[in-house]
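**Student:** What follows is each chain in one-letter form.
Protein chains: 2
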Amino acid sequence: MASVGFSVDGQPFVIPTLYGRSESTLYFHGSAASRMMKQLSTGISACATVTLTDSLVLARSAFHHSMNYRSVVAFGVAQLVSDPAEKRQALEVISEHLIPGRWSEVRAPSDKELKATAVIRFTIEEASAKVRTGPAADDEEDYVMPVWAGVLPLALQPGEAVPDARICVNPEPPQYIRNYATRLAR
Amino acid sequence: MASVGFSVDGQPFVIPTLYGRSESTLYFHGSAASRMMKQLSTGISACATVTLTDSLVLARSAFHHSMNYRSVVAFGVAQLVSDPAEKRQALEVISEHLIPGRWSEVRAPSDKELKATAVIRFTIEEASAKVRTGPAADDEEDYVMPVWAGVLPLALQPGEAVPDARICVNPEPPQYIRNYATRLAR
Numbered sequence: 001m002a003s004v005g006f007s008v009d010g011q012p013f014v015i016p017t018l019y020g021r022s023e024s025t026l027y028f029h030g031s032a033a034s035r036m037m038k039q040l041s042t043g044i045s046a047c048a049t050v051t052l053t054d055s056l057v058l059a060r061s062a063f064h065h066s067m068n069y070r071s072v073v074a075f076g077v078a079q080l081v082s083d084p085a086e087k088r089q090a091l092e093v094i095s096e097h098l099i100p101g102r103w104s105e106v107r108a109p110s111d112k113e114l115k116a117t118a119v120i121r122f123t124i125e126e127a128s129a130k131v132r133t134g135p136a137a138d139d140e141e142d143y144v145m146p147v148w149a150g151v152l153p154l155a156l157q158p159g160e161a162v163p164d165a166r167i168c169v170n171p172e173p174p175q176y177i178r179n180y181a182t183r184l185a186r
Numbered sequence: 001m002a003s004v005g006f007s008v009d010g011q012p013f014v015i016p017t018l019y020g021r022s023e024s025t026l027y028f029h030g031s032a033a034s035r036m037m038k039q040l041s042t043g044i045s046a047c048a049t050v051t052l053t054d055s056l057v058l059a060r061s062a063f064h065h066s067m068n069y070r071s072v073v074a075f076g077v078a079q080l081v082s083d084p085a086e087k088r089q090a091l092e093v094i095s096e097h098l099i100p101g102r103w104s105e106v107r108a109p110s111d112k113e114l115k116a117t118a119v120i121r122f123t124i125e126e127a128s129a130k131v132r133t134g135p136a137a138d139d140e141e142d143y144v145m146p147v148w149a150g151v152l153p154l155a156l157q158p159g160e161a162v163p164d165a166r167i168c169v170n171p172e173p174p175q176y177i178r179n180y181a182t183r184l185a186r
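Here the protein sequences line up with chains A and B, keeping their order.
The first sequence begins at 1 in the numbering used here and counts up one residue at a time.
The second sequence begins at 1 in the numbering used here and counts up one residue at a time.
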């Protein structure tokens, strides 16, 4: 999930959206009727931020509490993809980013579905990454405080897959869903 | 974690940040020297978005794939908190939002630490929430397709807490850390 920022008449918007990446291009998609897609179609400057929260860092002092995380903030220009071939390719990139192996198994978009979908090409011009890892760094004199300190790992985890009520194949999920935890760990 | 959006000379920025909420006010904090804190101190329009991803929704057609999620997009004005009492109160609100029960156990911020910390008051003027739940909605003619469909739940989960190497109390984490999964489920 990326948080995509853009401005309309001086008012900033931040909209969560799924994405895929191909080299220095990010692709977003959405209903052709949506406000975000219409705004991003106009070639405006935008920002896309992705954040993974890895752990809470508990120190002895309030001040030194922190979070371990990885984030990237990318700046660039958003443009509408109008070429149908690039559009199909972009949707595959988004799908394979989210669920590698899924695209080839499902019904591809029809021309009508493709028309109802807007695809945005976001060209990354500049990006910065931030990472924090490791334990708390307390002030030396605070280490004697009788308070628990440490790190609490946090991770997005898959639960048990629920087959659709009208499924007409073996309800056991495919390999790429059974192993989804490894996708999230990347 | 909130994604906070603001614009500087027409360039949108989206920065991930921890937050706390008190009625219709969100509080953010950071180093007084950080660019985000400096920009948000100037009374500018901003946007704060929080997103929880609940599950992947796998349909028979690429087009009907979706995500179950809950998100809120809040618009408002950001301002620097300069009153030291409100500043301390805001830091407690952020801390208790993240780790309820923690604030009273740790060393409170010193005057020097308070000076090094900027606190932003973000007054929500308008907000919109979006929620998707439930199974995939395929086109009727696609239900016969021999492809797995269903929902894969996703949730941020705590792992096993790691006590700090220099801990000088019982290394068993406090109740509010052992039960952190219930905090995340709220």
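Treat the hints with care, since some could be wrong.
Stated by the list, open to error - Just some of the chain B residues that point at chain A, by a computed CB distance under 10 angstroms:
id, residue
1, A2
2, E23
3, V50
4, H65
5, L80
6, D83
7, P84
8, E86
9, L91
10, I124
11, V131
12, P135
13, E160
14, D164
15, P171
Worth flagging that the hints you see were computed from the coordinates, not collected in a lab.
Please read these numbers as outputs of a predicted model, since none were measured by experiment.
Virtual Cβ for every residue (Gly too), placed ideally from N, Cα, C.
**Student:** If a hint holds in the structure, say so; if it doesn't, say that too.
**Tutor:** Here is what the structure says about each hint:
no. : hint : in the structure
1   : A2   : holds (9 angstroms)
2   : E23  : violated (21 angstroms)
3   : V50  : holds (9 angstroms)
4   : H65  : holds (7 angstroms)
5   : L80  : violated (18 angstroms)
6   : D83  : violated (18 angstroms)
7   : P84  : violated (15 angstroms)
8   : E86  : violated (16 angstroms)
9   : L91  : holds (7 angstroms)
10  : I124 : violated (14 angstroms)
11  : V131 : violated (12 angstroms)
12  : P135 : holds (6 angstroms)
13  : E160 : holds (7 angstroms)
14  : D164 : holds (4 angstroms)
15  : P171 : holds (8 angstroms)
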